[in-house]
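Asker: In the order they appear, the protein sequences are chains A and B. Here the first sequence stands for residues -14 to 299, numbered as in the numbering used here. Here the second sequence stands for residues -2 to 500, numbered as in the numbering used here.
By construction, these hints were calculated from the structure, which means they are not laboratory data.
Here are the in silico distance ranges between beta carbons for each label pair:
| # | chain 1 | residue 1 | chain 2 | residue 2 | range |
| --- | --- | --- | --- | --- | --- |
| 1 | A | Ala7 | B | Ala369 | 40 to 46 Å |
| 2 | B | Gly343 | A | Gly25 | 33 to 39 Å |
| 3 | B | Asn77 | A | Ala157 | 55 to 61 Å |
| 4 | A | Thr(-12) | B | Asp167 | 52 to 58 Å |
| 5 | A | Ala157 | B | Tyr45 | 29 to 35 Å |
| 6 | B | Gly343 | A | Leu88 | 58 to 64 Å |
| 7 | B | Leu20 | A | Leu58 | 55 to 61 Å |
| 8 | B | Gly299 | A | Pro149 | 34 to 40 Å |
| 9 | B | Tyr257 | A | Gly25 | 18 to 24 Å |
Residues from chain B that keep clear of chain A, each with C-beta distances beyond 12 Å, as calculated:
| # | residue |
| --- | --- |
| 10 | Gly69 |
| 11 | Glu128 |
| 12 | Lys163 |
| 13 | Glu164 |
| 14 | Leu311 |
| 15 | Ile316 |
| 16 | Ser319 |
| 17 | Ile377 |
| 18 | Glu456 |
| 19 | Ala460 |
| 20 | Glu491 |
Quantities reported herein were computed from a predicted structural model and do not represent experimental measurements. Positions of the beta carbon are idealized from the N, C-alpha and C atoms, including for glycine.
Now for the letters of each chain:
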Amino acid sequence: MRTYIVRRVLLFIPVLFGISLAVFALLHMIPGDAVDLMMGVEANPELRAQLLRQYGMDYPWYVQYWNWISGVLRGDFGVSMRTGLPVLPEILSRFKVTLMLTLYSAVVSWLIAIPLGILAAIKRNTWIDGASRFLALLGVSIPNFALGTMVLLVLSLVFCYYPPLDYTPFLASPLGNLESLIWPSLVLGAIMAGSVMRMTRSALLENLQQDYVRTVRAKGAPERVVVLRHALKNSLLPIVTIVGMQIGSLLGGTVVTEQIFSLPGLGLYTLTGITQRDYPVVQGSILFFAFIFVVINLIVDILYSRIDPRISYR
Amino acid sequence: MKKTVAIVAMLAIAFGAAFGQKLADKQVLIIGADANPAGIDPHKSTAYSSVRITNRVYETLVDMDESGRLVGKLAESWTNPDDTTYVFTVRKGVYFHNGRLMTAQDVKNTFDRILDPANGCTARSNFSLVESVTALDDYHVQFKLKQALAPFISNFTSIYTAIIPKEVLDANSGSLANVACGTGPFKLAEWIPDNQVRLVKHDQYWMAGYPKLDGITYKIIPDEAARLAALRTGSIHYTTLSAQNVELVARNKNIVVKSYQTRDYYFLGFNFTQKPFDDVRVRQAFSLAVDRQDIIKKALKGEGIVAGAVSPTLEQWAIDVSKNPWYKKNVAKAKALLAEAGYPSGLDVEMTVPSSYPDVVAVSQVLQQQLAAAGIRVTIKQMEIGQYVAAWKSKGHQVMAGKNGAGIDPDRSLYFFFHTKGSANVWGYSNPEFDSLVEQAKVTIDQSKRAALYAKAQEILYADAANVFFASPKTYCFISSKVKGFEPIVSNPEDFKFATILK
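Next up, chain A with everything else stripped away, as it sits in the complex (with noise of 0.2 Å):
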């Protein structure tokens, strides 16, 4: 086991590499540039050539690579372009706010989806399945775009409450904390739900026609042991690679709620990244996001070992 995580994390070198290849090439090569954008009509060949003497951005891609990789692996990912902040540290700051939200999205969407997706599956065929289905549909076609939107307009129009516009962190309140996040994780988690219900109804109605199930109801055991302690947990699996994908893909994907909420998350950063093509900024973030969707992968990997002894890593 202990051979295989350290192989693994091995692997991260190469993924990483290519990601930091591709983002730069990629941001290199699309049309339009940070120093064009800045300036605007201000534009003069004068003003252009000082800038992209400041930005470090007359020199040949592969120096211009080199310099930023080398700052990388030195653990300094460079200063914005726009605001002069340093990245690191910006990125870290606000991965916290995505971080949270995405946790507590996540047990939003368990409390919702794990205790419907049973419910629908021993129930299955009646009014309660029929329904719950249909929740799970809506979760995972509803945009959560539309959907946050309509929560605010909601509390705002009929409830006269806005969220707190100062987001507060963890640490300095918990239940503050909750209050900030609260309505996004609840647009998150419904949306998420949506899929993650409907995986726990097909794995566990699955399970329930195996022989194992069976020899349990006839030794006499209770339904609820049947469900929740052999069938519920013969069914983790699917579920957790799902629910580990979802994380991996919120953690990068929370723009749109960010945006809404105006949340200062990971997310809003890249995205203003991204439209002023500041690139240490854009940079910086995905490879912080390529980073975090493969020690997720890991982590997911390492959790089928737990669940299911019979699944070894050598």
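Given the coordinates of chain A, assemble chain B onto it according to the supplied hints.
Answerer: Here is chain B on its own, set in the frame of chain A:
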């Protein structure tokens, strides 16, 4: 009877205003800002998100009042003993936020920074004719020019020429991107990126008794619907929103909408290096096929004015475009001109539009319908802003719709955008007669002679259809009815010096 009621009502209102309305305990104005400031260096950060902050924190020598006249701000007055010399008398008793008194030496140090090409300051190109800047004594500073320059003083109204203290610049190794120290009514207290910018009152502000507010806090709320919701619930006091939202708050007593006429205009720019847009008849056909009132009605919700390259708010400079023959819709003549140019069966063009400007997109869609009637078949190509800027720089477009700022001096509106060597002439437009007129006007100090030259230049520009110009939009400020003493004006739309907040 009616009269009595009216008088009683008026008295009640008057007394209410004088005695009934108490000030709120917390005099901090909360603004919903759509974007995080892209840096707060007054000389380098040009985004609106930045300028709305730097304009509160820093000040310039000269200001423009409501009627477009140049008046002193940090300069009490100025003289020009001859065409190439200007002497500013610097205001006494002005303190920077670090508590130091401002002197003429600060003006000199500021311009040392702006004029040094190594610094890449935005305003440098406007001061390329400056030969020397000298502090004559503590309160007089002299600018020597290489030659006469008519728009010289107006350049000093731009926040890109804000007066800064050199010691703060030096202490931050030459960068003001995320620190601030000016002479303005508010000073920077805190900036948490993508969350808030907090300004507090500058106690030593030179205008005695102002600002009334204790501070301004900008909350970053990128989503328009979210800003409106926050204003409705009273979480914020002020925000800017697009015209569509005016109807939504029409019956809301707690929200007041104030608008002001901007100096921006919508245009259609041709690529002169591509056929057939080098043919004046083709361009004229575009101009004649367009109904500008209809654009205002459909794309700007009926608000806005028909405009040319020079903002109609600058009455002494702008000609009355409604009398210009090329502004009158005439589809038959447009068709005839196209036929004459060799396109009897019409023309297919691709129109590049910046997708992040919904107002420009709306204008382009109305244009598409109007031009179709004259046989000009338009395909709209929406581009992300970075791509759009790259397209106009590399002349990769056919025609492009956009929005430009006409500026406060016709030298910017005309020379800067349309002279053969104008640095914003991305079209490739070149007319020697126009060039010579705007060159002469640039060095003509006599205002009426200068105006006559610009009037001629504008006639040429519209007859050449260098761009097709349409209309100038308004900007809408959505304000809580608790905020008093605030009136947006175009040259300084968010000046909250005089504002107070009622209970």
